[in-house]
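J.: Place chain B on chain A using the hints.
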Amino acid sequence: MTPHSPGADQIDTLLWIGFVAAVILVVAVNAALFYAVRRFRSERGAAPRQLLSGRKLQFRVGAVLTIFAALLFILGVVFTDKAREAPSTGEAGLASAKTEPLGIKATGQQWLWRYDYPNGAFSYYKLVVPVDTAVELELLSTDVVHTWNVNDLAPKADAVPGKSHKIVFSTEDEGVYEGDSSTLSGQAYAAMRTAVEVVSPEEYENFVKTQQSEIEAAQERVVGLIENGEVP
Amino acid sequence: MSPRPNPELVVDGYPKKRPRWIELATSADHKDVGQILICGALGFLFIAAVELVLMRLQLLVPENTFLSPVGFNRMLSLYGATSIFFFALPLTLGLFYYVAPLQIGARGTALPRLGQIGAALWVAGATILYAGFLFTPSEAGVNPLAPLTELAFLSNNGVDAWAASTGLATLGFVLLAVNLLATLRMMRAPGLAWRRMPIFAWAATVSSWLLIVIGPVLLAALTMLLIDRNYDGIFFADGSGGSPLLWQHLSWIFFTGTYMLLLIFAFGAIAEILSTFARKPLFNRTVTMASLAVIAVIGTLAWMQNMITAPIGIGWTYFAMLMSLALVVPFGLVIFNLIATIAGGTLRMRAPVLFAVGAIFAISIGLAAELEQSLVGAGWHLHNTTDATAATHFALVGGAVLGGFAALYYWFPKMTGRTMGELMARFSFWTIVIGLILVFVPLFLAGADEGQVVDAYKYFSGTGVTAYNVIATIGVFILFAGLLLTILNAIFSRTNGAPAGHDPWGGDTLEWFALSPPEPHNFDVLPDVRSPHPLRDIREAIGHRTRRADQAAARESQPVA
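These protein sequences, in sequence, are chains A and B. The opening position of the first sequence corresponds to residue 267 in the numbering used here, with each subsequent residue numbered one higher. The opening position of the second sequence corresponds to residue 4 in the numbering used here, with each subsequent residue numbered one higher.
The hints are simulated quantities; they were obtained by calculation from the structure and are not laboratory data. This list has only true hints and no planted wrong ones.
For each label pair, taking beta carbons as the anchor points, the in silico distance ranges come out as: (1) Ala484/B with Ala312/A: 37 to 43 Å; (2) Ser158/B with Gly428/A: 19 to 25 Å; (3) Phe325/A with Ile437/B: 36 to 42 Å; (4) Asp452/B with Gly441/A: 17 to 23 Å; (5) Gly316/B with Glu493/A: 46 to 52 Å.
Ideal Cβ placement from N, Cα and C applies to all residues, glycine included.
Next comes chain A alone, as it looks inside the complex (with noise of 0.2 Å):
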């Protein structure tokens, strides 16, 4: 992942937290393990020494182990809640979006994912969005799970039906970001792909604008069609 968003950049710190502390773990437990299995062999022909316990030792063990996972504990309060922290709308994003973040509501259904803008325009696959601008993002299913997945912007999150689930995220970086979804939802649940263009906020204004005008062209000759008797 290369992230692209404030929120994005917190998730990537905390990942390399994480790992860190994951590989911590796993070279202490196997050079000690592997340390004492070659150490210790029969072929060695002491005799076992046959110790118990050791009360002070477990102690000690246990007080650094505690000290360890309340020191994860802290840090991923602290790195989650400045990811989930509401971004606010820089000097070149979208002007209509500095006192409260751009509303988009993403609806996921088998198996593809529609977008719809505060103007009434829609998309498919594709959410379009003004750069340096914060956006919150409803998610939504009309039939089972999706997980809306485009993690170089954004959290991942679950599209439940019935449920409404928001996420923030801002934009920093022009460009067009690949996601996908992450919960099995059927057959083409792989081909569930999705992508972010992150444009200037003219060009936002733009395409919004020409989707609605486009889209109310369509309709209008569906019911002109529909009217005109040339539609059952």
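T.: Relative to the frame of chain A, chain B by itself:
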């Protein structure tokens, strides 16, 4: 005193000898039931491994069409059910059921027919799962999340078959656990207090408690699912009072508890093996026993760790993180005590030790990776990627396969009177370890770096995961070969292994006091239990007497000056 009457003749002939398989199928003896479970589990291990190989073949190259999407999902569902309900749990329970009563010096079990019914239900469950091929197997995944399992989304009867099969198996496990617990509670040999309990029998106690708590939770969830599907229920449908998240809570309680159960089993077996082969008592018995119990409780309480991307409120995910991280302490203490048991000892590197050490290695990697995922923010990235698959497999292949095989190699002489081949064991061990690393280390990288999603029937070129998947698919064949070697070793050694005698390893616990294989009533006589290692006490007493007799003989034979 009147002279004793002659014994009355109650039979006029020997009972008719019935074929072995009828004996086995109708017997309520814990050793026969245990053997059915263990043999069945090894068979299903083979089947699960075949399913894993097929799935990996589909994932060999991007956008492969070896399996259809539905075919892949069916394979995945079968693999999940087979590996958990028909390999891992029956292997652990079978070994507990066979060994634990022997370890506590019981001449049978408290409720033998209950255990027999449990095994029969398990067989019925297995039959239903694979009879599913006659119509349609489930295609909803390892833990099939509602509402995908609702009738509206999967209208064929695959999910019903899955629910019936896992439900019957779980009910069977609960019955076996009830019997085990009653036996371990009521039928211990004189002097065998809880604190002197062999660590493996203690692990059986903790695991039985755990199963009695978590088993009914899954049974309730499965019942709700079947009502939803067949009688217009709305338990897991959204709106009008149902909730899809309810299924996630209930099922994850069971699966997380099962995860802990398999590790508790593995640590129990490893502790027994290491202390026997290092000729040292287990270091800090009391703390180790307490830690296993704590793992069962805290580990199960961490079930929401599987739901950190679900809309459940950040506080609950922090609670799950707290429970997961708290597990560092009991797991750390157990592993520390196991290593401390080796230290200062005289370790004989036989097959059970090799597998036990390998199990600690694999479990440590799996648990450390789980630890990284339990940090909520990091989990948002790693959840449902192949990184999570790899972590689970390292821990559970470490627990159920390497730990299970260690136990199998250790107690096989007791069950059959013959030892398993040492050379084949070594080959099998190294193949499994190399295979495990080759399959799951690339999946760690693919999941953590590129976010390859779990359970997907294909991936796309240009996402940077092709090389990882090719290596993993090559590795799965090596892993498969390793598993097969131990299964074949068990089959051949049953008839052709080196005769073992009643105590081939110099064990400290009571099961080595019985014959190999034990008589139907297990023991003719039992020694008084005065410590956690009664057989060591006997050996020491014999040693003392022999020494004293030798000294006396030496004194007498000395020439008088």
